[in-house]
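Engineer: Residue strings, one per chain:
There are 2 protein chains.
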Amino acid sequence: MHEFTDQMLIERIRGAGLKVTAPRLAVLRAIDAGPHSDAETVFGQVKTDLPGTSLQAVYGVLTALTTAGLLRKFESAGSAGRYERYLNDNHHHMICTSCKSVQDVPCVVGQAPCFSPAANHGFAVAIAEVTFWGLCPACQLQPQTL
Amino acid sequence: MHEFTDQMLIERIRGAGLKVTAPRLAVLRAIDAGPHSDAETVFGQVKTDLPGTSLQAVYGVLTALTTAGLLRKFESAGSAGRYERYLNDNHHHMICTSCKSVQDVPCVVGQAPCFSPAANHGFAVAIAEVTFWGLCPACQLQPQTL
DNA sequence: GAGTTGTTTTGATTTAATCAAAACAAGTGG
DNA sequence: CCACTTGTTTTGATTAAATCAAAACAACTC
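Residue numbers (this note's numbering), protein chains in the order written: chain A, -4 to 141; chain B, -4 to 141.
Heads up, a few of these hints could be off.
Said to hold, decoys possible - Think about it this way: if two alpha-carbon atoms lie no more than 20 Å apart in a straight line, the pair counts; the simulated EDC-like pairs of lysine to aspartate or glutamate are:
hint, chain 1, residue 1, chain 2, residue 2
1, B, 95, A, 70
2, B, 68, B, 124
3, A, 95, A, 33
4, A, 68, A, 35
5, B, 68, A, 124
6, A, 95, B, 79
7, B, 95, A, 124
8, A, 95, B, 70
9, A, 68, B, 70
10, A, 68, B, 124
11, B, 68, A, 70
12, B, 42, B, 79
Worth flagging that the hints you see were computed from the coordinates, not collected in a lab.
The model shown is predicted, which means the values in this text are computed figures rather than measured ones.
Using the sequences and the accompanying hints, generate a full structural model.
Structural biologist: See below:
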């Protein structure tokens, strides 16, 4: 399941100009193990391999790593903010309205179709965020709402 | 500024199968006057023309009107949930990263281009939500962040 | 005009997140 | 290898957004 060795993670942290600490390694490992996790979920994961870490530390680490460009935060209706490894691949998210699970979806239609709103009203558009809402395969099998 | 008379608003509420009450009228008027408002903003507006209304009532009214299909709620990173009149026009939003102001943008590229993710992983996609982030004209004139 | 049902008020509670100050540790340079 | 500086984490309190429950109340129907 681990795509990255600790050594690789250490290099990524240091490469971003940040000090390498145990909580930061643990957070990166947690995101690697469970992408699209929120702060609480990351905290739960981190606690198991680095007990004594505080939830506030996790928030701080997530914010620092996001600012440094190692992680990306995305927030969507009805859920806490979630984090994933930052990849400059312009992908989007498909979220299940029932179980809130998240799938990555590449943005393939042309290059970056959604970057061009029809009328931009003078806005300098920097990024376009696309979220697809629907029912995941598992939840489609459920008879009704639980 | 008022697009709708009270009589029209009353008909819309009743048409949705809901009882017509003063707070509901006041909330619809507030949304009409300030689209893309959050609950607190609506509350501030409502208070002026119907003092004694509670914030919780505003939350309740917003939820009821949203469930009934008269309003649409949208939530975006860094802001509280906002409400607008529901229009079945598949429009999207352009939000200023600096001042958080919102502009509607029609979805014109073809019909509903964003409804078709490349690989849907078995998801039954119901809606696609597109948010453009950037700097509004006013904030582009600011030398730097305030 | 009285009754039933749906709505609003009042007040407490939850969740997600942020802030500030003190304790601590990573990476420098001696 | 030790001490210093700076950045990080902990501890504890606080905020913002929203939700819940029960009692008071008002809209629509008969």
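Engineer: Hints first: check each against the structure and report whether it holds.
Structural biologist: The hints, checked one at a time:
1. 95/B x 70/A: holds (15 Å)
2. 68/B x 124/B: Roughly 12 Å separates the two Cα atoms, so the pair holds.
3. 95/A x 33/A: Measuring from Cα to Cα gives roughly 12 Å; hence the hint holds.
4. 68/A x 35/A: This hinted pair holds, its Cα atoms lying about 14 Å apart.
5. 68/B x 124/A: Measuring from Cα to Cα gives roughly 17 Å; hence the hint holds.
6. 95/A x 79/B: violated (24 Å)
7. 95/B x 124/A: holds (15 Å)
8. 95/A x 70/B: Cα-Cα ~15 Å, so holds.
9. 68/A x 70/B: Between residue 68/A and residue 70/B the Cα gap is close to 15 Å, so the pair holds against 20 Å.
10. 68/A x 124/B: holds (17 Å)
11. 68/B x 70/A: holds (15 Å)
12. 42/B x 79/B: holds (19 Å)
In summary, the one numbered hint that this structure violates is 6.
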